[in-house]
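J.: Sequence:
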Amino acid sequence: METLILASLLYLGAFSLDYLHFLWKKEDYRYVSRETYLIFMSFGIATLLLFHVELGNFFQYAWKEELAFILFGYLALLGCCWGLLRDGESICATMRRVEHCISYRYVFVKSKEILLQQLLYLVIAMELYRALDTRFYATLAFIAIISLLQIPQLLHVERFWLRVFVFLTPFLGVIYFNSFMEIGHFWPVLYLNVLVFMFIWVVFSDRYTKRNKSIGDKRVDKGIKDNVF
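At position 220 of the sequence shown the residue is numbered 219 (numbering that gives the first Met the number 0), and the sequence of numbers has no breaks.
Derived from the structure by calculation, the hints contain no laboratory data.
Careful, some of the hints might be misleading.
[As the list claims (entries may be wrong)] Derived CB-CB ranges, DEER-like: (1) Ile4 to Ser41: 33 to 43 Å; (2) Ile4 to Asn56: 31 to 41 Å; (3) Ala45 to Ala75: 21 to 31 Å; (4) Leu191 to Leu11: 15 to 25 Å; (5) Ala75 to Tyr136: 21 to 31 Å; (6) Asn56 to Phe135: 21 to 31 Å; (7) Leu154 to Phe198: 31 to 41 Å; (8) Trp23 to Glu64: 34 to 44 Å; (9) Lys25 to Arg129: 35 to 45 Å.
[Stated by the list, open to error] The list that follows gives simulated cross-link-like pairs (lysine to aspartate or glutamate, EDC-like), each with its CA atoms no further than 16 Å apart: (10) Lys111 to Glu34; (11) Lys24 to Glu34; (12) Lys109 to Glu34.
This one's a predicted model, so the numbers in the text were calculated from it and none came from an experiment.
Backbone N, C-alpha and C fix where the C-beta goes; we use that ideal spot for every residue, glycine too.
Could you build the full structure based on these sequences and the hints that come with them?
T.: Here you go:
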């Protein structure tokens with residue numbers, strides 16, 4: 000139970016700190032920034048150190064396979080980013096707090112957030128699977144916990160995205176839990192996050208041409224500033 004509480008506190012701590020960073024910076028807040036990167040990297044390192052036994056037990060039999068798939072997925076994400084940017088357009092979407100424009104720096108920061116999130120989800124899933132008698136109740140508890148943990152991420156989110164996240168969380172929770180505990184692999188949940196990420200950018204983003212930027216499109220200027228690292 001201590002492991003479950005500690006993992007939950009780490010999760011809340013990381014994303015609450017990012018929200019406090021937003022409240023502190025307000026109009027100057029940038030998701031793609033050194034501050035956000037340091038938050039996710041610091042909590043990621045803390046996760047690896049605090050739960051090295053649990054994570055070691057999970058990865059010990061297939062760590063080479065996991066590492067290969069994780070690296071391949073990251074390179075594929077960079078490739079998708081290149082594909083979206085190759086026409087010289089700024090591709091931006093307002094998902095959380097500020098407008099984000101896709102860039103290699105955005106992928107660099109976002110990948111650290113996703114990895115931290117899923118490592119903590121893995122620790123929580125393993126603890127619930129061990130503590131509860133049946134997989135059904137363990138899955139329900141997992142969905143309930145990750146739904147509550149996402150509250151700091153959903154603060155100051157546009158209503159549309161709030162509804163999307165609330166609707167998708169139970170379905171994603173079932174997939175996450177079964178991937179961890181039944182399939183026994185970590186990389187599928189990362190790939191699922193990448194697919195959701197790319198779907199959002201392709202379907203819900205706005206494209207701004209260089210010509211629009213040159214005539215002073217404020218949304219494009221704001222999006223480009225958002226990628227200062």
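J.: Next step is simple, just say for each hint if it's right about the structure.
T.: Evaluation of the provided hints:
Against the hinted window of 33 to 43 Å, the Cβ-Cβ separation of Ile4 and Ser41 comes to about 20 Å, which falls outside the hint. In this structure the supplied range 31 to 41 Å is violated for Ile4 paired with Asn56, their Cβ-Cβ distance being about 19 Å. For Ala45 and Ala75, the hinted distance range of 21 to 31 Å is satisfied, since their beta carbons lie about 28 Å from each other. For Leu191 and Leu11, the hinted distance range of 15 to 25 Å is satisfied, since their beta carbons lie about 23 Å from each other.
One distance hint, 21 to 31 Å for the beta-carbon pair Ala75 and Tyr136, is violated here, with the actual separation near 36 Å. At roughly 24 Å, the beta-carbon separation of Asn56 and Phe135 lies within the given 21 to 31 Å, and the hint holds. A C-beta distance of roughly 23 Å is found between Leu154 and Phe198, which places it outside the suggested range of 31 to 41 Å. The supplied range of 34 to 44 Å is met by Trp23 and Glu64, whose beta-carbon atoms lie about 42 Å from each other.
Taking the beta carbon of each, Lys25 and Arg129 are about 43 Å apart, inside 35 to 45 Å as hinted. A distance of roughly 13 Å separates the Cα atoms of Lys111 and Glu34; the hinted pair therefore holds under the 16 Å criterion. Taken as a hint, the Lys24 and Glu34 pair is honoured in the structure, with Cα atoms around 11 Å apart against an allowance of 16 Å. Among the hinted pairs, Lys109 with Glu34 is consistent with the structure: their alpha-carbon atoms are about 13 Å apart, no more than 16 Å.
Figure legend: structure checked against the earlier numbered hints; hints not met, in rising order: 1, 2, 5, 7.
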